[in-house]
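*Asks:* Residue-level listing of the chains:
4 protein chains.
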Amino acid sequence: MKTIALVTSGGDAPGMNAAIRAVTRLAYAKGFHVYGFEKGWEGLITNTFHKLTPRSVGGIIHLGGTILRTSRCDAFKTSEGIEKAARTLAENRIASLIVIGGNGSFKGAHALSKKTATQIIGIPATIDNDVFGTNETIGFDTAVNTAVAEIDKIRDTAVSHERIFIVEVMGRTRGFLAAAIGLAVGAETILVPEAEINEAEIVKTVKENTAKGKRSGIIVAAEGVRNTSKLAKTIEKETGAEVRFSILGYAQRGGNPTARSRLLACLFAEKAVELATLGKENSIVGIQDGRITHIKLEESCSREKPSNQQLVALAKALAT
Amino acid sequence: MKTIALVTSGGDAPGMNAAIRAVTRLAYAKGFHVYGFEKGWEGLITNTFHKLTPRSVGGIIHLGGTILRTSRCDAFKTSEGIEKAARTLAENRIASLIVIGGNGSFKGAHALSKKTATQIIGIPATIDNDVFGTNETIGFDTAVNTAVAEIDKIRDTAVSHERIFIVEVMGRTRGFLAAAIGLAVGAETILVPEAEINEAEIVKTVKENTAKGKRSGIIVAAEGVRNTSKLAKTIEKETGAEVRFSILGYAQRGGNPTARSRLLACLFAEKAVELATLGKENSIVGIQDGRITHIKLEESCSREKPSNQQLVALAKALAT
Amino acid sequence: MKTIALVTSGGDAPGMNAAIRAVTRLAYAKGFHVYGFEKGWEGLITNTFHKLTPRSVGGIIHLGGTILRTSRCDAFKTSEGIEKAARTLAENRIASLIVIGGNGSFKGAHALSKKTATQIIGIPATIDNDVFGTNETIGFDTAVNTAVAEIDKIRDTAVSHERIFIVEVMGRTRGFLAAAIGLAVGAETILVPEAEINEAEIVKTVKENTAKGKRSGIIVAAEGVRNTSKLAKTIEKETGAEVRFSILGYAQRGGNPTARSRLLACLFAEKAVELATLGKENSIVGIQDGRITHIKLEESCSREKPSNQQLVALAKALAT
Amino acid sequence: MKTIALVTSGGDAPGMNAAIRAVTRLAYAKGFHVYGFEKGWEGLITNTFHKLTPRSVGGIIHLGGTILRTSRCDAFKTSEGIEKAARTLAENRIASLIVIGGNGSFKGAHALSKKTATQIIGIPATIDNDVFGTNETIGFDTAVNTAVAEIDKIRDTAVSHERIFIVEVMGRTRGFLAAAIGLAVGAETILVPEAEINEAEIVKTVKENTAKGKRSGIIVAAEGVRNTSKLAKTIEKETGAEVRFSILGYAQRGGNPTARSRLLACLFAEKAVELATLGKENSIVGIQDGRITHIKLEESCSREKPSNQQLVALAKALAT
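Residue numbers (this note's numbering), protein chains in the order written: chain A, 1 to 320; chain B, 321 to 640; chain C, 641 to 960; chain D, 961 to 1280.
By construction, these hints were calculated from the structure, which means they are not laboratory data.
Take these hints with a grain of salt, some might be off.
Derived pair list, reagent style BS3-like, types lysine-lysine, alpha-carbon separation capped at 27 Å [what the hints assert, rightly or not]:
1) A:Lys230 - A:Lys214
2) B:Lys350 - A:Lys212
3) D:Lys1167 - A:Lys230
4) A:Lys212 - A:Lys233
5) C:Lys911 - D:Lys1231
6) B:Lys625 - A:Lys305
7) A:Lys237 - D:Lys1037
8) C:Lys691 - D:Lys1167
9) B:Lys591 - B:Lys625
10) A:Lys212 - B:Lys534
11) C:Lys670 - D:Lys990
12) B:Lys550 - B:Lys434
13) A:Lys77 - A:Lys237
14) D:Lys1190 - D:Lys1044
15) A:Lys115 - A:Lys233
16) C:Lys956 - C:Lys945
17) A:Lys271 - A:Lys2
18) B:Lys527 - A:Lys51
19) C:Lys754 - C:Lys956
20) D:Lys1231 - C:Lys854
21) C:Lys854 - D:Lys990
22) A:Lys233 - D:Lys1037
23) C:Lys936 - C:Lys956
24) B:Lys550 - A:Lys214
25) B:Lys434 - A:Lys30
26) D:Lys1167 - D:Lys1044
27) C:Lys877 - B:Lys397
28) B:Lys550 - B:Lys534
29) D:Lys1193 - A:Lys77
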């Protein structure tokens, strides 16, 4: 009877619980034991886990966060930490470790894979959608919808006051969230790390829109892509428009997962358990061109996911 | 200067307005005139339309329903009706007619295509997701999420009262909605028109789940697939469980579109305007294997979309 | 050290968990033991309870349903059942029993009060808002908002199709839900049990509205107040309008409580624990004219809450 | 035939549209003309208005923002501006001016009242709830619920990461929003302008909670009440906990109004139109102790609404 271990790592994402439930139940049905390590890599270092059963993962499919809890674990960035985690896997005779997390977690998993015989399988779950090897990650659709709902509310006040709003959304170093959110809310300008737009161009767009009769506007910016407070002042000065800015913040990480985030969680879990049954390569699962797939863990970690600038361009073409 | 006409037909779906906005603005940018016919085919029969401009379609990307309104039009089912619509297209020199609707609307469009030289392009928008030639229709994701949010609420009371709930969702003659919703809410049983499940099997599942320690349950049924009121009584009698049933109803057709329904609307509109620019075949646009595509209108109308029984099977495997 | 017992009874209502949390923590801070009986009166008959502590009621303030579960208990309607419950209270030396529920639960509590020395305190929690002695019950505001959000979605499709919708909402034998919901959605007609409206009048209102240029409409009906399916047909026949009907159903009972339902839960709990500390009369707590109050349990059970027909009249005056 | 004028002023609040609809329809039914001035006081200075009719205010009861638009108008702070507005009222023979807004708007209205014979009636609509003479303003309940829903999402990630979150909510110079939101989300500490809490006390509460076994926490702060970024660092340093902070921002001003905000809008409008019919004193309407009331405009402007520190105390007692 093989034992599978589960861990959620890095920033939490809505749908992680749906993935925990699906992995546990499918693995259990195949006769595996399932151990859930707590608090991300920390649980592997401290050997802290509990057994998961079909009953213990009941009633969680719709809940945000992760019942296994998670952390950003500094100790795991040292070779001592990684070796300790590898010993934990060996001591508990873990055949396959399923890591539910994002890019950073998979890099950690890759480092661990060099020190352990345990098979490692990644399930991409991060609101940032920045994992190479999958078009979409668990949680991304939820975060997009959360932000869109917030900005729909901001639009009410933008229109009533005839204001321009600059809204910062999450996404770390990538613009996947900003692009999808910006297109869905009808943003005039989307600012992403992958493409530079200078202030003059932003100001020009605002002026053109005003000339066309638009009396309010939304600019969506990936967090940290530029100084939005300063940008607001520049636009005010150059165009005479009232400009406000808002940072959406941590609410984007939480909340009940959307149907799509749950669906991906179920499908990714199914593939991950299938790979665990085969027991071979270290992999991450994903969805590519509408199909559930998997690639080597190493490949995912060594390549950068290409950006989708066509969404940004389409949003600009549409917000006229 | 070519003229494009737009019409929304059949049952409304969230995201239709986002598609109207996107078609109008992209077509306008290419120098087309855009006419919006009112109330579905009825507007083509009565020659009732107004000009759409980038400004007149502002502030609607996030709104459910359709600003062009829609109808199920009996007159259009007669050859007189279709010929009258064809004359309307000719009189107004419509180069391309873009029909935003579902299966029934495309069958009507196909009948019309035989009487007119106007190019006809379909944009699939229906909560039922039953259009051949696209994996997903505009509005489907919204309806799924609306139903999932409702059933999440019903689960609260199901768990508190330790009850089984049978919930009827929409979907007409197909089980796409029921399958996606059922998987996302963790339903024990999903009843779809494409696969028969007898009462004995449903009762057996309830009994097995009770034996495993589950104290509540959700059965998701496509509307009309069977007499759920009678089914409720049978389950009560056979298992001793309290059973309630609920019909989700028309709220599934409305509400602000999700990000994904808006995104599909934008992408479908882009492809439709591209096809209108080429001005050739009667087509419907769609998304297949993650790519925006198009197939012949005739092909879409003559074939039946295959069902996704693997979601139903996966849901069953997961609800243990 | 006194012991307080808690039970949730009858239909569940959003905010019950917030009340359980608040009672437990406030009572615990005063040095009481707190026992939570399970599954409503059934737990008192079977002597099934567990100890509640500040930690065991953590993380539930925002959850619908009730962690103590509930039931409609037939055994409690017999004198044997009531006597058994009274013995449970005596055996466990329960000083005060706090019953979180609605009208029916309080009638049961009143019957129990005649057989026990334990003080009984009612906290009104029911979506129906039909408890004498309080302007508002825990859960009412949530159910109203759930229904309003649903009908806002139905309005999208009503407007797009130019239809009349008849929507049945909950409320058992009283029209509090229908009146508040109808006013908030701008319903043309509200049908409540407390006031009869004949079909001719409803038809007349639809005709008048059509004459004024209204092209869609919402009629809100308390569940069971009349045959809405038949009413739909009559309106269709008499006015030529398309009419559809929808029953909102059990989702109204669930979902995360609104801020107001949580606030009432906290304030009612505070008063209930204060009454338990005094340890005197059997009472129910409530809010009257903006103040937290209490009246005798007997009085609440023997009188009928007056209806608020002025909301119905105001809704009618506004929907012109 | 008397003419009533309507204006929305200051920050927008959800439910303003419901109030515009209700005032217009009720006034129209009494035979009044109704003029809607645009963009707050600016419309009175520039004499910009349009006639409102029962049809022109249809379909807006559920929409956030204000169809009359609003502004913070500097010109109205000068005596020239006020005199210009008074002339606009005289020229258009406005019998009663109904101002839908908050504290600042009423101060402006009071200044205007000294220069005009037009009766001025205030309808309190502001998310801040800081108007003397009413327990609750239109929009307050919506803003509370929006913030509570956001913080429920933040709690998911707080629990998963075992973090303390400091969340800034709106409220300008008053703590009404923070108190209601904090109680409803189960905040450990609520920071309001009306009561000072020093850092040592906040740190002590975090330490005590950790000692009790709480592994996450929420601190709700009224915007600007203190440097929350600095506070986060202090707590991190003193307790070792991970602390994050988030500013909820402008989304709190928008969104569909809750049922309660719509209900208040309808009831306040009814009273305002009644006062306009009487045509006497300058007043603001309100709800006090559960009853719709009115007080003199001057009184509302000259007194400060008392704070509700008991909610803050209750929240603290409950979050143990």
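*Asks:* Look at each hint and say if it fits the structure.
*Replies:* Now the hints, each set against the structure:
1. Taken as a hint, the A:Lys230 and A:Lys214 pair is honoured in the structure, with Cα atoms around 23 Å apart against an allowance of 27 Å.
2. About 17 Å separates the Cα atoms of B:Lys350 and A:Lys212, which keeps this hinted pair within 27 Å; it holds.
3. Using a Cα cut-off of 27 Å, the hinted pair D:Lys1167 and A:Lys230 is violated, with the two alpha carbons roughly 38 Å apart.
4. Restraint check for A:Lys212 and A:Lys233: satisfied, since their Cα atoms lie roughly 22 Å apart, inside the 27 Å limit.
5. Proximity of C:Lys911 to D:Lys1231 is assessed by CA-CA distance (about 33 Å); at most 27 Å being required, the pair is judged violated.
6. Restraint check for B:Lys625 and A:Lys305: the C-alpha separation of about 32 Å exceeds 27 Å, so the hint is violated.
7. Taking the CA atoms of A:Lys237 and D:Lys1037, the gap is about 23 Å. The hint holds against a cut of 27 Å.
8. For a cut-off of 27 Å, the pair hint linking C:Lys691 to D:Lys1167 stands: about 26 Å separates their Cα positions.
9. A hinted pair counts as satisfied when its Cα atoms are at most 27 Å apart, and B:Lys591 with B:Lys625 qualifies at roughly 21 Å.
10. Between A:Lys212 and B:Lys534 the CA atoms are separated by roughly 60 Å; this puts the pair beyond 27 Å, and the hint is violated.
11. Between C:Lys670 and D:Lys990 the alpha-carbon distance is near 57 Å, which puts this suggested pair outside the 27 Å criterion.
12. Between B:Lys550 and B:Lys434, the direct Cα distance comes to roughly 46 Å. Violation of the 27 Å bound is thereby established for this hinted pair.
13. For the given pair, A:Lys77 sits about 46 Å from A:Lys237 by alpha-carbon distance, which is inconsistent with the 27 Å threshold.
14. Distance restraint check for D:Lys1190 and D:Lys1044: the Cα-Cα separation of roughly 47 Å exceeds the 27 Å cut-off, and the hinted pair is therefore not satisfied.
15. With a C-alpha separation of about 52 Å, the suggested pair A:Lys115 and A:Lys233 falls outside the 27 Å cut-off, and the hint is violated.
16. A hinted pair counts as satisfied when its Cα atoms are at most 27 Å apart, and C:Lys956 with C:Lys945 qualifies at roughly 23 Å.
17. Our distance criterion of 27 Å between C-alpha atoms is met by A:Lys271 and A:Lys2, whose separation comes to about 17 Å.
18. Taking the CA atoms of B:Lys527 and A:Lys51, the gap is near 26 Å; set against the 27 Å cutoff, the hint holds.
19. Between C:Lys754 and C:Lys956, the direct Cα distance comes to roughly 45 Å. Violation of the 27 Å bound is thereby established for this hinted pair.
20. The straight-line distance between the Cα atoms of D:Lys1231 and C:Lys854 is roughly 26 Å, inside the 27 Å bound, and the hint therefore holds.
21. Simply put, C:Lys854 and D:Lys990 have alpha-carbon atoms about 20 Å apart, close enough for the 27 Å limit, and the pair holds.
22. With a C-alpha separation of about 24 Å, the suggested pairing of A:Lys233 with D:Lys1037 holds against the 27 Å cut-off.
23. About 36 Å separates the Cα atoms of C:Lys936 and C:Lys956, which puts this hinted pair outside 27 Å; it is violated.
24. Restraint check for B:Lys550 and A:Lys214: the C-alpha separation of about 56 Å exceeds 27 Å, so the hint is violated.
25. A hinted pair counts as satisfied when its Cα atoms are at most 27 Å apart, and B:Lys434 with A:Lys30 does not qualify at roughly 56 Å.
26. Note on D:Lys1167 and D:Lys1044: the hinted pairing is violated, with a Cα-Cα distance of about 59 Å set against a maximum of 27 Å.
27. The hinted pair formed by C:Lys877 and B:Lys397 meets the criterion: a straight-line CA distance of about 23 Å does not exceed 27 Å.
28. Note on B:Lys550 and B:Lys534: the hinted pairing holds, with a Cα-Cα distance of about 23 Å set against a maximum of 27 Å.
29. At most 27 Å may separate the alpha-carbon atoms for a hinted pair to count; D:Lys1193 and A:Lys77 meet this at roughly 24 Å.
Violation of the numbered hints given earlier is confined to hints 3, 5, 6, 10, 11, 12, 13, 14, 15, 19, 23, 24, 25 and 26; the remaining hints are satisfied by the structure.
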